Amino acid sequence: MKRKKRILLAKIGLDGHDRGIKILAKKMSDAGIEVVYLGLFQTVESVVSAVIQEDVDCVGISILDGGQTLIAADLMGELKARGLDNMTVFFGGIIPERERPLLQEMGVKEVFGPGTPIEKIIDAVREG
Amino acid sequence: MGSGERKKSDEMRYTTSGIPLKEFYRPDDNGNIDYDKERGDPGHYPFARGIFPAGYRKFVWQNSMISGYGLPEEANQRQKYLREKGASGYGGQDSINFAFDNPCQNGYDCDHPLSKYEVGTGGIFINSIDDAEKLFDGFSLDRLNVGLIIDTPGPIILAIYVALADKLSVSRSKLRGIVCNSPWRRYYTGTALTFPPKHALRVAADCITWAAREVPNFNTYSVNGYDIREGGATAAQEMAFAIAPTIEVIEACQAMGATVDDVVPRFNFFLGFHNDFFEEIAKIRAGRKIWASLINERFKARNTKSSWMKIHLQTSGCTLTAQEPLNNISRVAIQALGAVMSGVQSMSTDSYDEAICLPTEEAVRVALKTQKIIEHESGLTNVADPLGGSYFTEYLTSEMEKRIREYLTKIEEMGGYLTALENGFIEQEVAASALKYQNEIEERKRIIVGVNEYVEEENVSVSPFEYNPKVRDVASKRLRELRDNRDNKKVDKILARLKQTAEGDGSLMPLYIEAAKAGATMGEMMQVLKDVFGVYQPQNILAS
Chain E
101 MKRKKRILLA KIGLDGHDRG IKILAKKMSD AGIEVVYLGL FQTVESVVSA
151 VIQEDVDCVG ISILDGGQTL IAADLMGELK ARGLDNMTVF FGGIIPERER
201 PLLQEMGVKE VFGPGTPIEK IIDAVREG
Chain B
3 MGSGERKKSD EMRYTTSGIP LKEFYRPDDN GNIDYDKERG DPGHYPFARG
53 IFPAGYRKFV WQNSMISGYG LPEEANQRQK YLREKGASGY GGQDSINFAF
103 DNPCQNGYDC DHPLSKYEVG TGGIFINSID DAEKLFDGFS LDRLNVGLII
153 DTPGPIILAI YVALADKLSV SRSKLRGIVC NSPWRRYYTG TALTFPPKHA
203 LRVAADCITW AAREVPNFNT YSVNGYDIRE GGATAAQEMA FAIAPTIEVI
253 EACQAMGATV DDVVPRFNFF LGFHNDFFEE IAKIRAGRKI WASLINERFK
303 ARNTKSSWMK IHLQTSGCTL TAQEPLNNIS RVAIQALGAV MSGVQSMSTD
353 SYDEAICLPT EEAVRVALKT QKIIEHESGL TNVADPLGGS YFTEYLTSEM
403 EKRIREYLTK IEEMGGYLTA LENGFIEQEV AASALKYQNE IEERKRIIVG
453 VNEYVEEENV SVSPFEYNPK VRDVASKRLR ELRDNRDNKK VDKILARLKQ
503 TAEGDGSLMP LYIEAAKAGA TMGEMMQVLK DVFGVYQPQN ILAS
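Chains as they are written, first to last, in our numbering: chain E, 101 to 228; chain B, 3 to 546.
Hint data in this document are derived by calculation from the structure and do not stem from the laboratory. These numbers come from a predicted model, not from an experiment. One or more of the hints may lead you astray.
To be verified - Listed next, the in silico BS3-like pairs over lysine-lysine satisfying Cα-Cα at most 27 Å (straight line):
| hint | chain 1 | residue 1 | chain 2 | residue 2 |
| --- | --- | --- | --- | --- |
| 1 | B | LYS438 | E | LYS127 |
| 2 | B | LYS438 | B | LYS412 |
| 3 | E | LYS105 | B | LYS438 |
| 4 | B | LYS169 | B | LYS501 |
| 5 | B | LYS447 | E | LYS127 |
| 6 | E | LYS220 | B | LYS438 |
| 7 | E | LYS220 | B | LYS447 |
Claimed, not checked - Here chain B is said to cover these stretches of chain E; the calculated rule only asks that three of the stretch's residues, wherever they fall, bring their Cβ under 8 Å from a Cβ of chain B:
| hint | stretch |
| --- | --- |
| 8 | 166-173 |
| 9 | 206-217 |
Claimed, not checked - Partial list, computed: chain E residues near chain B (C-beta under 8 Å):
| hint | residue |
| --- | --- |
| 10 | LEU114 |
| 11 | ILE123 |
| 12 | ALA125 |
| 13 | LYS126 |
| 14 | TYR137 |
| 15 | GLY139 |
| 16 | ARG198 |
Glycine residues also receive a C-beta, built at the ideal position from the N, C-alpha and C atoms.
From just these sequences and the hints, can you work out the full model?
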């Protein structure tokens, strides 16, 4: 039997907007995805350590307060430094469309903005 | 359901929070309510119809446009722009309303490692009296109504503001505005750092009781429903979860020797206005009545002003869509219209691009002008509580009152708000409401135009606001210079006294002011408090 997909969900930095990511955690786990929810106030280091410890298939980071490009640079750098170059990373939140190509260039697989149907995110995680 | 189909008319309908609705309402739907007892004229107890008899004739609501980003001088420019475009406070005062960035909300200076990603991205920062001086340059503090939207570090920020006023020789009694100073933020969604409850209450109550004597015209506690509402709460939960913790705050002030009439006239509500027009109006009318009766019956207030629910209202950021952003102008206008019909005292209207980025100058101007259009073109400022007596409004007001009171009673029976927090009840309730709302959208039981119906193939986007990428570097350099040029021995001594006082039970406010004048930073003072009090760990509760 195929192993269930495992995703790690977290917020990095000091951004406290967690309504969206909490709903995602719940809906993903209802849809049969194994969710490791780290919650608020994580650092790049705490996320990458958890990625290794929890042996997840992908990572979802929620950002609503403008830290996306700095966070992406640090997160992708740290993943690479720990030999996780191929880890699938999703971003979601208040992220202007204009910045999305840059984030994807940095290695973020997909960026989900407000109003994205949750089914679409779940499909992306299953495929990712 | 296709876009052309309509629901059957005999299908049951509900308000957003789930109150069942009939097709129309009649005089007998309200039972025989005693008008004077249950509503009262505007300006009369129990104030369901508003706190002023003349409604907006004497004082139009204040335009308290929330803003904040970048360096203090950049944030200052945005507020000057808004002033130039007509933003005004009571009696022609200047009115400015600052959001603080995440590092500041959590008590970190700009150069702290944890501040790395968010300096000036979601609000302003004030680390020192120098920052405050730049931020308020060109505004006279004695004719300014300032909103400082910051909670746990709020007392320290107020202290820095008072230190600046002292430096500029502005009388403390002339200072007006509000510091939010709510100790509850980290306990639920929309969170920022706080101390464990007992200490958080002490820090907040110390600020409130000190200010009642020293800066008597400054509001020092925001009864905050807005954040928990944006986190997913229903209308009834918003009001109940705003009022319930305030009971603890009043009692903490009383324990410090203040009376209810010393402090409560300087409390101000911060509420939201979501999409369901009549439900929101009913929430506000019912809330005013519940507050007045609580303050009178439970706390035996003698000063009428203690019973006034003074409201600062913000339209609902979470109802805005990233899809077709210009549609948000209509959403905000409808919400602002409802807020005015509810009789609020102050308002911040959201900008149409807020689901995408921080507001651009153009977007914030449209938001401000929306308020001006309602003020000058709708005729709504002539008569107080224009919906009073509508069969439906009155029915919904009574229903909402019942539901808010049910929550308050439930929390009381659990042993009070702190217990309801610690056992996860509050966060669980909010998580469940947020999930229900999202499910309704996903299942298309709730239509959001442009999101799950009437969807455009090509998203019509807008030019987003651009951050100044140099903010953190410039701010950090300034902090280095500050620390190099101040008398560090003097600062250390004051911080040591602050620590000693925090370990005991004296007032902390005079020490923050002394420290600020000596060039100590917000982050340094917060670190002292964190070391003494510890930090509360969030529960991260998901809906079950």
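Cross-check of the supplied hints:
Distance restraint check for LYS438(B) and LYS127(E): the Cα-Cα separation of roughly 11 Å lies within the 27 Å cut-off, and the hinted pair is therefore satisfied. A distance of roughly 21 Å separates the Cα atoms of LYS438(B) and LYS412(B); the hinted pair therefore holds under the 27 Å criterion. For the hint linking LYS105(E) to LYS438(B), the alpha-carbon distance of about 25 Å falls within 27 Å, and the restraint holds. About 25 Å separates the Cα atoms of LYS169(B) and LYS501(B), which keeps this hinted pair within 27 Å; it holds.
At roughly 17 Å between alpha-carbon atoms, LYS447(B) and LYS127(E) fall within 27 Å of each other, so this suggested pair holds. For the suggested pair LYS220(E) and LYS438(B), the alpha carbons sit about 19 Å apart, so the restraint of at most 27 Å is met. A hinted pair counts as satisfied when its Cα atoms are at most 27 Å apart, and LYS220(E) with LYS447(B) qualifies at roughly 18 Å. Against chain B, the stretch 166-173 of chain E contributes 4 residues with a C-beta closer than 8 Å to a partner C-beta. That satisfies the three-residue criterion, and the hint holds.
Counting residues of the stretch 206-217 of chain E whose C-beta lies closer than 8 Å to any C-beta of chain B gives 4; at least three are required, and the coverage claim holds. Taking 8 Å as the C-beta cut-off, the interface hint given for LEU114(E) holds, the closest approach to chain B being about 4 Å. For ILE123(E), the shortest C-beta to C-beta distance to chain B is roughly 5 Å, which falls under 8 Å, so the interface hint holds. Proximity of ALA125(E) to chain B holds as hinted, the smallest CB-CB distance being about 6 Å (cut-off 8 Å).
The restraint placing LYS126(E) at the interface with chain B holds, with a minimum CB-CB distance near 5 Å, inside the 8 Å limit. This hint holds: TYR137(E) has a C-beta 7 Å from the nearest C-beta of chain B, less than the 8 Å allowed. Taking 8 Å as the C-beta contact cut-off toward chain B, the hint placing GLY139(E) at the interface holds, the least distance being around 4 Å. The criterion of a C-beta within 8 Å of any C-beta in chain B is met by ARG198(E), whose closest approach is roughly 6 Å, and the hint holds.
Of the numbered hints given earlier, the model fails none.
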